[in-house]
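Quick note on this note's numbering: the sequence shown kicks off at 1 and runs consecutively.
Quick caveat, the hints were computed from the structure, so don't treat them as lab data. Check before you lean on any hint, since a few could be wrong.
[Claimed, not checked] Just the calculated beta-carbon pair ranges, DEER-fashion:
(1) Ser70 x Arg152: 22 to 28 Å
(2) Asp198 x Arg152: 30 to 36 Å
(3) Lys156 x Val109: 34 to 40 Å
(4) Pro45 x Asp96: 22 to 28 Å
(5) Thr73 x Gly153: 16 to 22 Å
(6) Gln112 x Ile181: 30 to 36 Å
(7) Arg152 x Thr182: 15 to 21 Å
(8) Ser151 x Thr76: 28 to 34 Å
(9) Lys156 x Glu30: 17 to 23 Å
(10) Gly183 x Asp17: 33 to 39 Å
(11) Cys72 x Asp17: 26 to 32 Å
(12) Gly153 x Cys7: 20 to 26 Å
(13) Arg152 x Asp17: 43 to 49 Å
[Claimed, not checked] Here are the simulated DSSO-like pairs of lysine-lysine, each with C-alpha atoms no more than 27 Å apart in a straight line:
(14) Lys142 x Lys154
(15) Lys75 x Lys142
(16) Lys142 x Lys197
(17) Lys197 x Lys75
(18) Lys75 x Lys156
(19) Lys156 x Lys142
The C-beta atom is built at its ideal place from N, Cα and C for all residues, glycine as well.
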Amino acid sequence: PQHIFSCLHAMIAFVQDTGGSFTTFYNGPECGASAPDHLHFQACPAGSIPLVLQFDKLHTDTQVMHPVSSLCTTKTIACSVGELDRRALFFCSTTDPEVLQHQIHAVVVYLQNETASAEEPLINIIISGSNQRLQGIIFPRKAHRPACYFSRGKSKLLVSPGAVDIGGLIVLPRREDFERITGEQILNIFSEVCYGKDIFKNL
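Generate coordinates for the entire structure from the input sequences, incorporating the hints supplied.
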């Protein structure tokens, strides 16, 4: 079975070692392209995932209504949970890579217990930042694929969301799906495969 714990350090170190030029991401079992017994993480150029940029704005623009609530804030760490565009998330920003690793580990264990998962819970993880400050985002998942993936005819959309998709960059292999998908359909996909904020009520 997949277990993120063995590669968390490498995911974080890669972002640091490249000076924040890349963002790393991980798809848990049945949470994107990854399959059970096939653990790996991937990377993309920094700034490629819309939600990472959106979250940066939420924390810098005081005029924006915050959809997340703070768990803790100190000089070295800020953690929060909430729901953004129908996606529950845990967010951690810290100057200490070991603290980020510890926080992600703790939340994954929490989700495993909260969802009564025998193995690793369904999750997507995104790590971004720089060698000065790091950010980690965890999305708890409740389903592998939305109903539209299995539909027939015009209602079918061939999308199997992974971390990048949940982060707002929707990958659609068929041109016809790319040309006709709407914002509301994307939000519906998020709500079908992601938990709402109540998943974190006992954190």
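Hint check results:
1. Ser70 x Arg152: 22 to 28 Å: violated (45 Å)
2. Asp198 x Arg152: 30 to 36 Å: holds (33 Å)
3. Lys156 x Val109: 34 to 40 Å: holds (37 Å)
4. Pro45 x Asp96: 22 to 28 Å: holds (25 Å)
5. Thr73 x Gly153: 16 to 22 Å: violated (50 Å)
6. Gln112 x Ile181: 30 to 36 Å: With Cβ atoms ~32 Å apart, the hint holds.
7. Arg152 x Thr182: 15 to 21 Å: The hinted range 15 to 21 Å holds for Arg152 and Thr182, with Cβ atoms some 19 Å apart.
8. Ser151 x Thr76: 28 to 34 Å: About 47 Å separates the Cβ atoms of Ser151 and Thr76, which means 28 to 34 Å is violated.
9. Lys156 x Glu30: 17 to 23 Å: Once the Cβ atoms are compared, 20 Å apart, the range 17 to 23 Å for Glu30 and Lys156 holds.
10. Gly183 x Asp17: 33 to 39 Å: Given a distance of about 36 Å, which is inside 33 to 39 Å, the answer is holds.
11. Cys72 x Asp17: 26 to 32 Å: 27 Å Cβ-Cβ, so the 26 to 32 Å window holds.
12. Gly153 x Cys7: 20 to 26 Å: Given a distance of about 40 Å, which is not inside 20 to 26 Å, the answer is violated.
13. Arg152 x Asp17: 43 to 49 Å: holds (47 Å)
14. Lys142 x Lys154: At roughly 25 Å apart (the allowed maximum being 27 Å), Lys154 and Lys142 satisfy the hint.
15. Lys75 x Lys142: violated (34 Å)
16. Lys142 x Lys197: holds (12 Å)
17. Lys197 x Lys75: Answer holds: Lys197 to Lys75 is near 26 Å, not above 27 Å.
18. Lys75 x Lys156: At roughly 48 Å apart (the allowed maximum being 27 Å), Lys156 and Lys75 break the hint.
19. Lys156 x Lys142: OK: Lys156 and Lys142 at ~20 Å, within 27 Å.
Hint check: violations occur at hints 1, 5, 8, 12, 15 and 18; the rest are consistent with the structure.
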